[in-house]
Amino acid sequence: MSITYLEAIREAQARALKEDDRVFIYGQDVGAFGGAFKATKGLAKEYPGRVLDTPISEDAMVGTAIGAAIEGMRPIVEMQFADFSSVALNQILNNAGTHYWRTQVPCPITVRLPSGGTKGSGPFHSQSMEALYAHYPGLVVMTPATVEDAYSMLLEAVSLDDPVVFCEHKYLYYHLKADALPTESLPTGKARIARAGRDLTIVTYSAMVHEAIAVAEELSRDGFELEVVDLRSVKPLDTETVLASVARTGRLLCVGESFPWGGTNAEVIARVATEGFHLLDAAPARINAKDTPIPYHPNLWEAHRPNAKSIAARARQLLRE
Amino acid sequence: MSITYLEAIREAQARALKEDDRVFIYGQDVGAFGGAFKATKGLAKEYPGRVLDTPISEDAMVGTAIGAAIEGMRPIVEMQFADFSSVALNQILNNAGTHYWRTQVPCPITVRLPSGGTKGSGPFHSQSMEALYAHYPGLVVMTPATVEDAYSMLLEAVSLDDPVVFCEHKYLYYHLKADALPTESLPTGKARIARAGRDLTIVTYSAMVHEAIAVAEELSRDGFELEVVDLRSVKPLDTETVLASVARTGRLLCVGESFPWGGTNAEVIARVATEGFHLLDAAPARINAKDTPIPYHPNLWEAHRPNAKSIAARARQLLRE
Amino acid sequence: MCHSPEVKIICASSALTTKLRFMLRTAERGANKVETKRAPHERYLEAFRWMLRARTFEDKLASLYRGGLISGGVYLGRGQEAVSVACGLFLQKGDILAPLIRDQGARMVFGEPLLDVARTYLGSKHGPMRGRDGNIHRGRPAEGCMAMISHLGAMVSVTVGALMAKRFKGERDFVGLTTIGEGGMSAGAWHEGMNIAAVEQVPLVVVATNNHYAYSTPNEREFACHDLADRAQGYGFEGCSVDGTDLAACLDVIGSAVKRARAGRPPQLVVASTLRLAGHGEHDDASYVTPEIRKESFAQDSLKRAEAFLLESNLIDPATLETWRDEAAAEVEDAVATAQKEPAPEAETEDWCALSMRHLVDQPA
Amino acid sequence: MCHSPEVKIICASSALTTKLRFMLRTAERGANKVETKRAPHERYLEAFRWMLRARTFEDKLASLYRGGLISGGVYLGRGQEAVSVACGLFLQKGDILAPLIRDQGARMVFGEPLLDVARTYLGSKHGPMRGRDGNIHRGRPAEGCMAMISHLGAMVSVTVGALMAKRFKGERDFVGLTTIGEGGMSAGAWHEGMNIAAVEQVPLVVVATNNHYAYSTPNEREFACHDLADRAQGYGFEGCSVDGTDLAACLDVIGSAVKRARAGRPPQLVVASTLRLAGHGEHDDASYVTPEIRKESFAQDSLKRAEAFLLESNLIDPATLETWRDEAAAEVEDAVATAQKEPAPEAETEDWCALSMRHLVDQPA
Ligand SMILES: Cc1ncc(C[n+]2csc(CCOP(=O)(O)OP(=O)(O)O)c2C)c(N)n1
Ligand SMILES: Cc1ncc(C[n+]2csc(CCOP(=O)(O)OP(=O)(O)O)c2C)c(N)n1
Ligand SMILES: [Mg+2]
Ligand SMILES: [Mg+2]
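Protein chains in written order, with the numbering used here: chain A, 1 to 321; chain B, 322 to 642; chain C, 643 to 1007; chain D, 1008 to 1372.
It is possible that part of the hints are untrue.
[Claimed, not checked] Each computed EDC-like pair below joins lysine to aspartate or glutamate, with the alpha-carbon atoms no more than 20 Å apart:
#1 D/K1100 - D/E1150
#2 C/K811 - A/D20
#3 B/K359 - C/E984
#4 A/K309 - D/E1150
#5 A/K41 - D/D1292
#6 C/K702 - C/E984
#7 A/K38 - D/D1292
#8 D/K1176 - B/D342
If you are wondering where the hints come from, they were derived from the structure by calculation, not from laboratory data.
Given only the sequences and the hints, what does the whole structure look like? Please build it.
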């Protein structure tokens, strides 16, 4: 048996629906159709009345989920693409994100964002928005990189009493496979050493974990052992694991698919620079996407986001410093 | 004669209206009423038909400005409070921010955000949102700290061919005064050495510049000379000036009023750590607001954002390292 | 949760003369429709007394504000008490109220303790918002009263969600009521909320008050339709208009809308017409309100109108009215005095946790 | 900018028998109203020929997609050609068109070169979007054709702003037309755009097509009102409905709406009824469309209907139709062949500048 990242997301939702009466799924085309990416395939039939198609109203989809969560439900909202969450951002940041702090009543919603770039998708179907959500208080922002994490973290997202923005990567949907669903997992907030190493630490998350691992494998043929830290959630961000890794390697390269200004890379470097300055043997480095909208054409798209080639080049350079 | 930060904003708009037919002002209550903060006082009368009240429709206010800009106008949109721009964010990021890159037709809008905290304003009338806008490509994000910059940068914002998010600080509106309007200014993208020093660099912007200067003055009584860099615009961010300052002082403290995760502080530290690592004699440090919504009560509010006291304490600690 | 103040009946039932019957016609119609167990004059008196309390409290808030005793803004519902009290009066425990800026009346009737108001405005540590949020941004969601965010329009869909949750949980006989100003009706969030309410067919009542201004902005720059109530049919709501200065009409129309929603009819939109008889906030002298508009019939003070009716029709005597006033003032003074004695929140003891799951808090150095 | 293809008149004027006059009744009415300089049958034929071209191009796009020659999605307006062509046909140079997903027709009629379509879908470096954006996300704003963003509803207010700019600049006699699907009418941005259009009283026409699905979502889960055209009055628009499968009716109703907007009447909303005769995109087999719905009268193919009418009424003979088809196919093949020969954009020569003011670009290391 083999299961994809996308199937893991479907299975997690199936299990959440099965085990917890409070769960319902709310989103455009998630019902009989099973969602634009089929992440809810078959669920409407298995759980009648609990997997509901919505109008094209991202603000109201999240607002509705917030109201339901306040009243004790555990809604999962699917955005058709992460990019469209820009029109739900106010409800996510200002309503869900502030609710517990203001009222002491928790607001356990999960907002699923099919994120990240794929070929030919262009500026409005490719975005990685974790930085917007992580910047504001009151939200947990998950960025699973593996089939196992897609499954277990989504289950955990639903079980947490706080609002979770769940950034699942579209590129991994079909590309990534595992043998089976996991039976245990790290808790939210713990990063994972995706590959152990000693010469350089790559801190990354989501689809870029796999690029980083490919680079580590490539460079290991030249005798360099790169450690790859998969953040798993960018908020909370596991500073401890990152620092421990940098303590081992002395070198830090941050890799992320989102835009360069601010964001996870900047945050990780800021944490290491402020809290682990003496651990660094060389200047830390980062690779982001470029500071333009995400291009439609595959030629441009490949160059816009970091990839194994650009990461490897930067890693080699950093190893020489 | 003396002129406040707020009056400077009014005067810049008056001059823009006077000198450029393409300029019009669009926002809630900006007309006869002169705006919630009186930043457009008298302008509707002086420039009939060019200072227009809008419905409570932030998305459409910005959308309208975008359409007008594409057709050759230079609209200035006033958000009543920065916080409400969350519902215009999609138009700002995805429409204005991508327009030039996609079509080669520039989109010269200026969106004024009355930003930042004041006592008793609470979670939804106090936000500093520059990090959200700076993260995305295609926007210039200005954060003037002085009366002079409020004036000259707003004029420059209107004259630039690209969309500008103009973060003006409400706390400075009445508190800050200058003798006269400036006749010249630094260009956009150039940071300003607000105070020269040799022992430590504080990189900051907007209202926090004044807290930093107060700290510098306090510490100079103990023999420490702090340099204060006022970024002026957080995007573009003047890495060169920052690095040159850190080269002089060897120590970096970043101060910002927005939330801790990501944002300007993280970006500045990331740039210095990656591009000027060897310039640092000690780990860089940062002070942000806390990671909760901005509290209503003055007691909590004072503790939530950085202030001269907390900055001084951190600076002293950093000077000992 | 409709905590009714003890209503002293001054006129015996027999005193309901033909003349009074005629004068109460409208109220009665309303009352019949909402299946009240009380006679219409009782309902009217009860509502009036709530209006008096709301006004009394808000007058006090205004004076505290003028005295510099309140941080931040003070936003009053002066003139809108009839609408607002009617919004609260037909709700019961298990219902949802999502109030907005000018809903002192509805909040109180729905069960908000006076002390909540005082504590929130005065920043007491013991208030429901514990100094974290202030003024109108208060609520007790666990008791069905939502805590609004400022962004107008956002609370409609939240109310829809709360009602869906009740349906999921198998509750019965509930309704939700939320309010909006005519200005907020231009917000995209409001539209999405209205549409999704109709799609989900939840028992929702949306009471919109056109008080003719959004801050300083007059209707001409807010919308261009002939009648805001016409928006109802575009969503599949049932809609109607009401004179927001006429308490009997408000009780009738809003009561009926609540009843229809509770009975499973489509969502309800009521558009009330009033004038905001205060500044946008107490910092605002509302000098932009033209003298002409102050002469319009929608510019009447609903409280004065109700009072005049009650006195004129001998449903209440001046002495009782005085007693009610005094009682309201005493209650308010009491709440304010209590809150004023209470400690303010302190930064040192504040836990600065935006998450309920403390172990997930990530406050970097 | 209404580039009309050369219309060969097959029937002499005299051939317009009473029977044809009757059949063309609707088209005629429309044509009279829009002050066309052409006789109604000419307008109809012209529109039909545009429909044919649009369909021909879209069929080609579908086959390129199936052949794996297009990156990303392909979104067709199949079945909606009558509405879309009518949207373009009454616009002129100086007007604004803000098209959406299914507007191949309107775009072409308004003057978009076929090569723009081919270049954008095939990612030619020479296309208007130069490979930076693709498929339907194309436009030439400098020539009045806006380049949509994906977020539904966002383009209404953009069109309003462009019209305000024209008014500011003293231009005259212009209109703007933008389109939306019934699904996009649930978006908050759409509501804000509609409302602000009415407040600003710009000469705007909004043509909504209810093609009964938003992706897979049927009307029942999109809205709950009886008739979407009823939304018009809630905004202060003038509104009407039209059978989107009937070309003559589309020409009449949309033409009249454009004329009214141009004449200074309030903004116009037209709601057309059709069925989407394709998947949401070409990746989608639309298997969720029920057989019952395919039998509805709104499920007719507007192109086939127009063609049948023309043949039946001898307004065109089969041979001419064949010629037109061949000509359309040749034009399309030509555009596609040209675009296919052109270079793709390359990362090395792309300047990666999101700002027009190059010195403000801030691309950190
Ligand atoms: C989305 C949004 N934009 C702007 C504001 C600022 N604001 C607060 S109240 C108000 C006027 C509201 O007018 P209306 O809805 O008519 O209510 P009223 O104050 O008249 O009761 C405005 C513009 C806001 N709260 N939310
Ligand atoms: C705000 C927003 N949410 C979601 C989407 C994704 N999306 C693209 S087209 C579409 C369906 C549109 O339906 P409709 O408006 O009826 O137009 P049609 O496709 O039927 O022509 C959806 C959901 C989007 N483009 N924008
Ligand atoms: Mg109002
Ligand atoms: Mg549709």
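Evaluation of the provided hints:
Proposed proximity of D/K1100 and D/E1150 is supported: the alpha carbons are some 8 Å apart, at most 20 Å. In summary, the hint linking C/K811 to A/D20 is supported, as the alpha carbons are separated by about 12 Å, within the 20 Å threshold. This hinted pair does not check out: B/K359 and C/E984 have alpha carbons roughly 36 Å apart, beyond 20 Å. Straight-line distance between C-alpha atoms of A/K309 and D/E1150 comes to about 41 Å, which puts the hinted pair past the 20 Å bound.
Note on A/K41 and D/D1292: the hinted pairing holds, with a Cα-Cα distance of about 16 Å set against a maximum of 20 Å. For the suggested pair C/K702 and C/E984, the alpha carbons sit about 18 Å apart, so the restraint of at most 20 Å is met. Distance hint between A/K38 and D/D1292 is fulfilled; the C-alpha atoms sit about 14 Å from each other, no more than 20 Å. Distance check on the hinted pair: D/K1176 and B/D342 sit about 9 Å apart at the alpha-carbon level, within 20 Å; holds.
Hints 3 and 4 from the list above are not met by this structure, while the remaining hints are.
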